[in-house]
Every structure is written in structure tokens, then in C-alpha cells.
Amino acid sequence: MAIKAKHQRLVLLAIALVVLIGAALLAAWALRNQASYFYVPSEIVADPPSPDRAVRLGGMVEKGSLRTEPDGVTIAFAVEDGNARVPVVFKGIVPSLFVEGSGVVAEGKMATNGTFVADNLLAKHDENYVPREMQNMTDAQARKVVAETK
Amino acid sequence: MIAELGLAALWLAAALAALQLVSGVLGLTERGSVLGGVVRPVAVVQGVLALVAFCCLIYVFAVTDLSVKLVALNSHSMKPLVFKIAGAWGNHEGSMLLWVTVMGMAGAFVALVERRLPEPTMLATLAGQAFVSLGFYAFLLISSNPFERLSPVPAEGNGLNPLLQDLGLAFHPPTLYLGYVGLSIAFSFAIGALVTREVGPAFARAMRPWVLGAWIFLTIGITAGSYWAYYELGWGGWWFWDPVENASLMPWLAATALLHSASVLASRNALRAWTVMLGVVAFSMSMIGTFLVRSGILTSVHAFAVDPERGTFILGLLAINIGGALTLFALRASTVTEGERFALVSREGALVFNNVMLSAILGIVLFGTLYPLLAEAMGAKVSVGPPYFNPMSALFAIPMLIVLAVGPLLRWRRDKLARVGKALIIPVMLVVAAGIALVAIGGVPLLPFLGLALAVGLAWASVLPLRDRNLRRTPLPVWGMVFAHFGIAVALFGMSCESAFNVEKLVAVRVGDVTEVGPWGVKLDTIEPVAGPNWTALEARLLVRYGPDGKVTRMLPQSRSFWAPPQQTSESALLTRWNGQLYAVLGGEAEDGRWQLRLWWKPFVPLIWIGGLLIAFGGLLALIGRVASDVRRLIAKDKIAYRHERKAQLGLRP
Chain A
1 MAIKAKHQRL VLLAIALVVL IGAALLAAWA LRNQASYFYV PSEIVADPPS
51 PDRAVRLGGM VEKGSLRTEP DGVTIAFAVE DGNARVPVVF KGIVPSLFVE
101 GSGVVAEGKM ATNGTFVADN LLAKHDENYV PREMQNMTDA QARKVVAETK
Chain B
1 MIAELGLAAL WLAAALAALQ LVSGVLGLTE RGSVLGGVVR PVAVVQGVLA
51 LVAFCCLIYV FAVTDLSVKL VALNSHSMKP LVFKIAGAWG NHEGSMLLWV
101 TVMGMAGAFV ALVERRLPEP TMLATLAGQA FVSLGFYAFL LISSNPFERL
151 SPVPAEGNGL NPLLQDLGLA FHPPTLYLGY VGLSIAFSFA IGALVTREVG
201 PAFARAMRPW VLGAWIFLTI GITAGSYWAY YELGWGGWWF WDPVENASLM
251 PWLAATALLH SASVLASRNA LRAWTVMLGV VAFSMSMIGT FLVRSGILTS
301 VHAFAVDPER GTFILGLLAI NIGGALTLFA LRASTVTEGE RFALVSREGA
351 LVFNNVMLSA ILGIVLFGTL YPLLAEAMGA KVSVGPPYFN PMSALFAIPM
401 LIVLAVGPLL RWRRDKLARV GKALIIPVML VVAAGIALVA IGGVPLLPFL
451 GLALAVGLAW ASVLPLRDRN LRRTPLPVWG MVFAHFGIAV ALFGMSCESA
501 FNVEKLVAVR VGDVTEVGPW GVKLDTIEPV AGPNWTALEA RLLVRYGPDG
551 KVTRMLPQSR SFWAPPQQTS ESALLTRWNG QLYAVLGGEA EDGRWQLRLW
601 WKPFVPLIWI GGLLIAFGGL LALIGRVASD VRRLIAKDKI AYRHERKAQL
651 GLRP
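Quick mapping for you: the protein sequence lines, in order, are chains A and B.
Residue 81 in full-length UniProt numbering sits at position 81 of the first sequence, with consecutive numbering throughout.
Residue 604 in full-length UniProt numbering sits at position 604 of the second sequence, with consecutive numbering throughout.
A couple of the hints might just be wrong.
Stated by the list, open to error - Below, simulated BS3-like cross-link-like pairs (lysine-lysine); rule was C-alpha separation at most 25 angstroms, straight line:
{"hint": "1", "chain 1": "A", "residue 1": "K91", "chain 2": "A", "residue 2": "K109"}
{"hint": "2", "chain 1": "B", "residue 1": "K637", "chain 2": "B", "residue 2": "K647"}
{"hint": "3", "chain 1": "B", "residue 1": "K523", "chain 2": "B", "residue 2": "K505"}
{"hint": "4", "chain 1": "A", "residue 1": "K63", "chain 2": "A", "residue 2": "K91"}
{"hint": "5", "chain 1": "B", "residue 1": "K505", "chain 2": "B", "residue 2": "K551"}
{"hint": "6", "chain 1": "B", "residue 1": "K505", "chain 2": "A", "residue 2": "K91"}
{"hint": "7", "chain 1": "B", "residue 1": "K505", "chain 2": "A", "residue 2": "K109"}
{"hint": "8", "chain 1": "B", "residue 1": "K551", "chain 2": "B", "residue 2": "K523"}
{"hint": "9", "chain 1": "A", "residue 1": "K63", "chain 2": "A", "residue 2": "K109"}
{"hint": "10", "chain 1": "A", "residue 1": "K109", "chain 2": "B", "residue 2": "K381"}
{"hint": "11", "chain 1": "A", "residue 1": "K91", "chain 2": "B", "residue 2": "K523"}
What the hints assert, rightly or not - To spell it out: a stretch of chain B is covered by chain A in this simulated footprint if at least three of its residues, at any positions, have a beta carbon under 8 angstroms from a beta carbon of chain A; those stretches are:
{"hint": "12", "stretch": "390–401"}
{"hint": "13", "stretch": "586–597"}
It should be emphasised that the hints constitute simulated quantities derived from the structure, not laboratory data.
Every residue gets a Cβ at the ideal spot worked out from N, C-alpha and C, and that includes glycine.
Generate the whole structure from the sequences, applying the supplied hints.
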């Protein structure tokens, strides 16, 4: 265990660096696999992500698509961006500002049958808290949709 | 009038910070040494002025002076007084004013009481504190003036986000800020010690109580924030890896590492450069957190306003402060001589391991928090959540927790594992027994499995440092360590239980229906409208019973509608037993007249926050012990000086 005086600092430094670089590499690898990507309906229809991958889907809740299943807690609706629509099911208590024609970001996975199974919904809460992707979407893709639906 | 007074106090405080910086720097030179004398008084007055400005802001909020723009935008005359006051820091400008107030007060406190270090080091430290403060004063006065007037005066204010209208807001941000900004003291001490080449045990001993104080507040703030999010958001979770949560976790990780490395430096004169580096890193993490939150570049419930100008300003401050400190470190690192040596198996070795693991977790969290920004720069929109953070941080936390059980038993400098092996037999057996029990229960996922088994062993191992000690003579810092480490075991147990044994139920029921969740029977008794000071609500009366013959208890979850600003929130209802919590949320009414109820039975979940408080309590014991022994030493020194003086006087007598 006796380490030479001169070398101890270097050894400690080397160990610390190896661990930290290892952590960084591991983090980079995990992030590539675990980050959840944001899609709009036309992207998800064109190129569906694999069913085991957590993704987020953002768009407008299609008018007339919202209905509640007989169990009273599962809802089904469609998210659209003007070009494509994706059916979504969600089991849970919906955010209070979640209504047809409003913007929504759904977190969940794409099932093999083409339905998006959401485990969380983010609605536009108020002026101060808009999901970040929604801001861009209302500008770029959703303006047309909003104009049509209002 | 009061608003103008506040603004004037703020300008004056900024000017004094400039004076403190200049006289601190000049005081270090031979020709300017006379200026050194003003630094401490100026620091004190600067802190007091910042406090005056903050009190002015609280006043205009308390009386709802709508001619002040900030009040009009964020408050409302119909709000209860406590939320009017708490609303003063529930917005961007107010929270930044709280930031500089805490920073000024912390500097004033140091200037008032800290006398253990050589005066030049103190001058450099206070100059460093003034330099950082100055940047934030500039930020407030130039781009975020909290006292700006509004003309014409509106008839009514916009109100405060209902989620923030909770007693948690009165308590959580100030506590967190005391911790966050208290770390600026560690930063300034590191700068002071680097500038005057005084990195040594004395520096660590002087810095330690300040870091400990900030760390205690940070621990309480994070614990309180977690509990607040748990009951207020109504999502049933206690930690979401939200960027803002990460922003408070990162300084905590760095400060925890700093505490441990400072204790190595103080008692063993090793890890000099590393400790200074951590002092810089800890407060840098506070500033990065502020940047992430206040610039609005990340989506979060905490992000108040999206203003690119402010983001750029904070980024600039960040670059100057962190860049400057790191440059100073790089220039002076070679002059920091190597400290004492130690064997790998030793108390120092274990603490180095703890430090490296904490730094790795810090890196993991920082990387995961910034990744969405990096990805967005490359054109992809991503978010990073628990699937990344949980396993990645556990990967480094688990080895750290194992070493945590062993490290406090080791001797300084050099030790043998065989010596402490005997003491660890029981904890190891506990871990194995817990593991077998969990396998028997079955269905426990890997991470909670490891967490529960480790927590049981760690709980036992954490009190082992008290063995063979006379408990009455055991120093307070040792008690503190035992409490804090035991608190980690308790919190770990709660976290693991929460993810392993959580029972969740989502149902739609009619009034009168009974449903079950875990061991509980829940009956929806009535739904009735109720009214509060600035909201109306639908309140469900739930009659709940634990087991078939338990006592019937009432729970009252609400679905609230606020009218300023118009927004709905759900107020969850909690019922705590010794072995867990029942959590109920009222949802909406379905078309057929059924009501949605979301229920959770969370065994042992309160242990998470009890553990957090135990950790903070351990810190408090250590702080009291350190301060008491410093005061004793100071008194002893005074006595000796007094005796010398008496002797000298007696000697002078003919």
C-alpha cells in the first residue's frame, strides 16, 4: 500500500479522471438510448418509433374525437397537426385545460396497432407555462389548424 | 414612495459592493492597506441595505400597491395576506432580489464574525463576495428591476399562479436560497485562499461551518420542496428529475462532497487543491441552476418568464464568475503544495471515494439536465427522465453507500479492512436477510431491491461509530455524522418502498360506491361545493378504513377553481399512518355522473422526508459542535491574552 510521495497525487488524480470520464461516456451512451424524442403526428405516421421507446407526441386535440371509455377513466382522442392524425388512449385524470381543439403533449409509447398509449398528458396550463414544444408548434405547424378549428 | 426607497437602497447596496470590491483588492497592496479597514463595515452595511430593499418589496406586496408593475403582474388584492407576502418572491424579479439579499446578508455575517483567518485572506474573500454580488446587483437593476412603476395604475392585479398559493411557497424558496446562495461563501473563501495562498487546514476549518450551514438549509429546502411537489401537484410522485429539482440537487451533491473533503483538509491536511476546487464548483452549480431556471431555456413549472435578454445576462455572469474562478485556480493550483499522504484503505481513502462518486453523480445529473439543450442545438427535441437518471445515478450511488457503511469505522492515514470486518458482520447479515425476505415477497424490481437491502444494512452500520465510545463524551460532530448517515438509510428505505410497494388505483365511482386500494376500503360519501377566499371548489368526502375492522376516517380531496388567474388545481388529501400514506385525488365528473378518483397506498413513503430531516439534523448537530468548540477556543485565547496583559501591567508596576 505504500505509495511514493510524489506519486500519490497523480494516482488519485488519475483514478478520479478515469471514473469521471467513465461516467461521462456511460451517460452519453445512456442518453442516446433513453432520451425521449418529440414528434408531431405527421412524423410519427411517416416513421413510427419502435414500441419499446418512450416518446412524446405533440399536436392539437382533434375536434369531435374525444370520448370516454365505459370504465370512466380511460379516454380516447386523436392528435393532429393538419396533415396527419394519431389516435391516443390515456388512462388517468386529464389536466383541467385539456379540451378539444387545444394543444397537448402526450408522453408515452407507440403501440404496434398504430395507437399512441399515453401515460402522461401535458396541456397548456396557463400563459406562464406552455410546454416548450407547443410554443414552436403553435407558430409553425399548428397555426393553420387553429385557424380552421376556431 | 416605499418602492422608491427600496430602489434607492438597492442602488446604494450595489455601490457599496463596488466599494467593498475595490477597497478589498487595494487593501491587499502595501500602499492601499489603509483601505482594508473599511471592507468589513462596508460589507455589513451592504447586507443591511439589501435587506431593506427586500423588506420594501414585501411591504408593497403586503399592501398590494398596484402602481408597482411587479405587484400588478403577480398579485391580487383578494389574496390571503400570507400569500401576498410569499408572492413577493414567487416571481422572477422578487426571487432575484431574495438572491442578492441572502448573498449580501451572508457576506455581512462573515464580515461580522469570522476572525480565524489572516486578515489579507479575509479581504480577498470579501472582495470575491462583492464581485459576485455586484454582477447580480447589475442584473437586477439593469434587466429585472423589481420596483418598476406602472402607469396607468390598473384596477386589479393578475394574481398569483394557484399552484404557488400554498404555505410551502412561504417556506421552500427562502430556505433553498439560504442554501444555494450560502454556498457563495465557500466560493469566496476559495477565491480568498487562492489569492493569498492560504490553502490549508486553517482555511478548511474556517470554511467548514459556513458550508455546513448552507448545506443544512439546502437539505431542508430540497426535502421541503420534494414534499411540496408531492402533495401539491397531485401526481403522487416525490421526485420528477425536473430541471429545477436537478438544479437544487447539483449544488447539494457538490456541497456534500465539499463537506467531506473539507473535513479531510481540516483534520489531516490532505486534499488541498481538490477542496478549493469543490468550493468553486459548489457555488457554480448554484449559479448554473439559476441560469437554467431563470433564463427560461428549459421548460419547467418553475420557469417564470421567458426572456432571452435575461438569459444572456445570466449566462454572461456565469461565464465571468466561473471562468474567472477556474482561471485563478489554474494559475494558482501549482502553488498549492501537496498535503499529507495516506493509504488507500484509510478514512481519507474512503472519503476520496465518496467524493469521486458524488462528483460522478453530479456529472450524470448535469449532463442529463443539459442534454436537451445540446440536442436542440443539433435540431432534435428530446426530454430526459427517470429511465436515464434512476439507473445511472444508482450505478454510482450504490458503491458509495457501501463504502459509507465502512468508511467511518476506518482510522485516518492507514488501516486494515480485517480490523473492522468483525463489526460489519451484522450489517452484512441484515443485508442478506433483507434480500432473502424480498425474494420471498417476490416481484420487487432490481433498484428498489438493492435499495431496501442496502438501507437495512446501512441503518445498522451508520450507528457503529458509536460503539466503544463513552456516549456522554462523544463529540457532537460524531453524533451529527451518525444522524446524517442514519438519515440516508431511512430516506433510502422510504424511496425504495415507494417504488417497490406502491399500490395505485384509478376508478370512476358513483356517490355511495366503495372501492379498495391495497389494505384500504374507500367510500365516496358526498360531493359538495365549498368556497375559499379566492377560489371555489368541489370537495369529496371519502370515508376510508384500514383493513376490515379499522377506524373510519374522513378524507377531503378538492378540485379547486381559482378566479385570479382563472385556473383549476386539485388539492390532494393525505392520510398518514405509521406504515405509510393514503393519497387521494379527485378528478372530473364523467357524463354518466360518476366521479374519477385516483388513490395511492404508499407504504413507508414519509420516511423519505423524515430521512431528509434527519440528515439536516445531523448537519445541525455537527455545526453546533464545531461552533461551540471554536467559541471555547476563542474564549481560551482571550483569557490567555488577558493574562499576558495583566502580567505585562503587573510587570510595569514599579
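Results for each hint:
1. As the CA atoms of K91 of chain A and K109 of chain A are separated by approximately 13 angstroms, the hinted pair is consistent with the 25 angstroms bound.
2. Note on K637 of chain B and K647 of chain B: the hinted pairing holds, with a Cα-Cα distance of about 15 angstroms set against a maximum of 25 angstroms.
3. Annotation: proposed proximity of K523 of chain B to K505 of chain B holds, straight-line Cα distance about 13 angstroms (limit 25 angstroms).
4. Restraint check for K63 of chain A and K91 of chain A: the C-alpha separation of about 20 angstroms stays at or below 25 angstroms, so the hint holds.
5. Proximity of K505 of chain B to K551 of chain B is assessed by CA-CA distance (about 21 angstroms); at most 25 angstroms being required, the pair is judged to hold.
6. For the given pair, K505 of chain B sits about 11 angstroms from K91 of chain A by alpha-carbon distance, which is consistent with the 25 angstroms threshold.
7. Restraint check: the Cα-Cα separation between K505 of chain B and K109 of chain A comes to about 21 angstroms, which is no more than 25 angstroms; the hinted pair holds.
8. Taking the CA atoms of K551 of chain B and K523 of chain B, the gap is near 13 angstroms; set against the 25 angstroms cutoff, the hint holds.
9. At roughly 23 angstroms between alpha-carbon atoms, K63 of chain A and K109 of chain A fall within 25 angstroms of each other, so this suggested pair holds.
10. The straight-line distance between the Cα atoms of K109 of chain A and K381 of chain B is roughly 16 angstroms, inside the 25 angstroms bound, and the hint therefore holds.
11. Pair hint K91 of chain A plus K523 of chain B holds up; C-alpha atoms about 21 angstroms apart against a cutoff of 25 angstroms.
12. Coverage of the stretch 390–401 of chain B by chain A holds. Counting CB-CB distances below 8 angstroms, 4 residues qualify, and the rule asks for three or more.
13. For the stretch 586–597 of chain B, the proposed coverage by chain A is satisfied: 7 residues have a C-beta within less than 8 angstroms of a C-beta in that chain, meeting the threshold of three.
In this structure, every one of the numbered hints holds.
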